[in-house]
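Visitor: Here is what each chain is made of, one letter per residue.
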Amino acid sequence: MVTVKLFGTLRLDCGVRELQLEAGNLRELYPELCRALQARRPDLELTEMDLRWCLVAVNGVRVGPRTRLRDGDVVSFFPAAAGG
Amino acid sequence: MTNYCGYMGKVVLLDLGTRKAENYIWTDRDREKYIGGKAMASKILYDNLTGEESAFDPGNLIVIATGPLTGTGAPSSNRFDISSLSPLTGITASSNCGGNFGHYLKKAGFDALILRGRSETPVWLEIENGEFLFHDADALWGMKVSQTQEALQRDLDAAHGGSLRCGMVVIGPAGENLVRYASVMSGERAAGRAGMGAVFGSKNLKAITAAGDAIASVYDKEKAAGHHKRWVASIRSHPLTGGQLPRLGTAGLVSSMQMHGLLSTRNFARGQFEEFEAVSGEALAEELNLGNNGCLSCPIRCSRRVPVDGKKVKGPELETLVLLGGNIGNADLENVCRWNRELDELGMDTISAAGTLAWAMEANEKGLWKNGLSFGETDKISQVFDDIAHRRGIGNELAEGSRRLSEKYGGREFAIQSKGMELAAYEPRRAVGQGLGYAVANRGGCHLNGGYLVVLEGLGLDVNGQTPRGKADFCMFMQDLMEAISMSGQCLFTSYGLLPAFLVGKPNSALTRTVNAVIPFLGPAVRLLNKVPEIAFFQLPLLPYTYELRYATGMKMNIGRFIRCGERSYNVERAVNARFGVSAENDKLPKRLTDVPQIPGRPDTKVPLEQMKKTYYRARGWEKNGLPSEKKLRRLGIR
Chain P
1 MVTVKLFGTL RLDCGVRELQ LEAGNLRELY PELCRALQAR RPDLELTEMD
51 LRWCLVAVNG VRVGPRTRLR DGDVVSFFPA AAGG
Chain B
85 MTNYCGYMGK VVLLDLGTRK AENYIWTDRD REKYIGGKAM ASKILYDNLT
135 GEESAFDPGN LIVIATGPLT GTGAPSSNRF DISSLSPLTG ITASSNCGGN
185 FGHYLKKAGF DALILRGRSE TPVWLEIENG EFLFHDADAL WGMKVSQTQE
235 ALQRDLDAAH GGSLRCGMVV IGPAGENLVR YASVMSGERA AGRAGMGAVF
285 GSKNLKAITA AGDAIASVYD KEKAAGHHKR WVASIRSHPL TGGQLPRLGT
335 AGLVSSMQMH GLLSTRNFAR GQFEEFEAVS GEALAEELNL GNNGCLSCPI
385 RCSRRVPVDG KKVKGPELET LVLLGGNIGN ADLENVCRWN RELDELGMDT
435 ISAAGTLAWA MEANEKGLWK NGLSFGETDK ISQVFDDIAH RRGIGNELAE
485 GSRRLSEKYG GREFAIQSKG MELAAYEPRR AVGQGLGYAV ANRGGCHLNG
535 GYLVVLEGLG LDVNGQTPRG KADFCMFMQD LMEAISMSGQ CLFTSYGLLP
585 AFLVGKPNSA LTRTVNAVIP FLGPAVRLLN KVPEIAFFQL PLLPYTYELR
635 YATGMKMNIG RFIRCGERSY NVERAVNARF GVSAENDKLP KRLTDVPQIP
685 GRPDTKVPLE QMKKTYYRAR GWEKNGLPSE KKLRRLGIR
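Residue numbers (the working numbering), protein chains in the order written: chain P, 1 to 84; chain B, 85 to 723.
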């Protein structure tokens, strides 16, 4: 079980801060997460690609798409952000 | 007078001592070279300051300058600039503000106002339709910002027999008491950086109001209106200017900065804060945000509205959220909102106030200066801010800023400032181009004047933040571009819309990753454009500013000229600073950022400043001492 955290406009769009999911690696997580978010909000216009285009960190460290996940990992999703 | 539209054609020099006003000669040739705003102010300082003056001398000038696009209906074009010698840095500084004063200064009939001298007694200045009226400010002296604004509005309404629409700039107690980082406030917006409020205070000038009926003319109304419409649509459909900024504000960067190791924590000792979620843009949006707000004519509307003491007030920007959050060990969002309001009301720059506070906390922990302040101890902070503004107790010392304090007590290596000005919220050891920008920025540790390379190094695009490759050339390009945008009166946030949506909207796509990998290798191409911007003798929809200037003013404008104007602005400001002793030796960062890796065992996580500086000076065509030569100044038409 991993904890998924959403940030930025993705979090506002989905209305979800975090959720728990089962996945052995990031590739498995994308469709799982997409399904879970759509189940919570059926009107949500979100595709798996939208999630794949986000930057991802595991336990606070940026990772690539092939990253393996361990039980208890915290996986964070960040969409586009700039401007301060 | 001027043959160009967009301008009011009048610049006035007002002596606060003699109360005499005279027209300041500013020709159409000057307008072509410097456009307006900050560049215009820098040239005026260049023509009038000798290098002998200091910030609080009556001989110091305050230049309040607008751009030609202000008042023309161009999107996000309401910015104005206040420039002067800074009491914090001792060199020139410009402070840009989104309040409505610039708009009303033009309605009163002026492109710019130059103030010199010193009033014997506290005064406020009323400008209406080209006329000046001095009023006694004894009754206002000591008042906080909103109280002053309300009192002025009451007086003006009473004198005009009804509600008067006007713009104001005012200072709070911090400016009156010469706190070196006092701000000038216009509405709830601040010209925050570098202590312009203290210069007002030194001149016994509490406030200026402006009103009038003048209208900025537009050269080609039809084309301008069509262009505004297209540009606004583009801003609103962009993932940053139409998504993140209106929905989360600048605060929306906190979580991305955390991921990239850019979130300044405990006086820049670290780049990540364990409790960042509590003081993030998301938390602000979900828990406290009562709506968003924007400057006049701005479709982005990035400002937040939050509740403080039962009132709906301006919320904290990113810089404040980080520097009064993790950087002082605070994870209470309501605290940040309250302190933000208090600092605005006292008239103090939140960045320098927070940076100085963080230095003092560390100095106390290290036993260098026993002041009773500690990271994470937040109970006293409101009182400390009030003490700074009124120069009481340790507040009197904190009012001097971190550089002066570190020179007195030690701890220079962790005084997080450059040229005396405290750094903004981005920890530069994970975005070394941003570190170069902080060091070489004309006004000191400023993220924007430094070129804001962090927009390529993680916040926007995701170019490798540790490599110095290409960064010096991009730094120069971005600095000049931002100068040019600023001098026209527009907000720099419009420039985020220049980043292609198909890249920044999909930060992890294969295409974006490829572009990120290629960008550092584009340094030579960027250097060519920097060196000979005239090769871009055309306009492109990608850069809407040149169209906007052409339609509003009638001035011939293309990309090359626009960039060259930016370069001229950067050089003229540097040339003024040279008179006040600035050279390569002043382009530096504290040792914490250049000598100590952010991640132990990773020597690449520090700023390789000297290496990048050399390349930067070469790119700029400056001498090894970091200054433009006479030849360079002549070539740019400055001399």
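Keep in mind that a hint or two might mislead.
[What the hints assert, rightly or not] Output of the computed footprint for chain P on chain B, the stretches with three or more beta carbons under 8 Å from beta carbons of chain P:
{"hint": "1", "stretch": "399-407"}
{"hint": "2", "stretch": "536-547"}
[What the hints assert, rightly or not] Quick look at which bits of chain B chain P covers, simulated, 3 or more residues with Cβ under 8 Å:
{"hint": "3", "stretch": "322-328"}
{"hint": "4", "stretch": "342-352"}
[Unchecked claim] Mimicking DSSO-like on lysine-lysine, the simulated pairs with C-alpha atoms at most 30 Å apart in a straight line are:
{"hint": "5", "chain 1": "B", "residue 1": "K590", "chain 2": "B", "residue 2": "K305"}
{"hint": "6", "chain 1": "P", "residue 1": "K5", "chain 2": "B", "residue 2": "K398"}
{"hint": "7", "chain 1": "B", "residue 1": "K228", "chain 2": "B", "residue 2": "K395"}
{"hint": "8", "chain 1": "B", "residue 1": "K640", "chain 2": "B", "residue 2": "K313"}
{"hint": "9", "chain 1": "B", "residue 1": "K590", "chain 2": "P", "residue 2": "K5"}
{"hint": "10", "chain 1": "B", "residue 1": "K104", "chain 2": "B", "residue 2": "K228"}
The hints are simulated quantities; they were obtained by calculation from the structure and are not laboratory data. Note that beta-carbon positions come from the ideal geometry of N, C-alpha and C, so glycine has one too.
Visitor: Report the numbers of all earlier hints that the structure fails to satisfy, in ascending order.
Guide: 5
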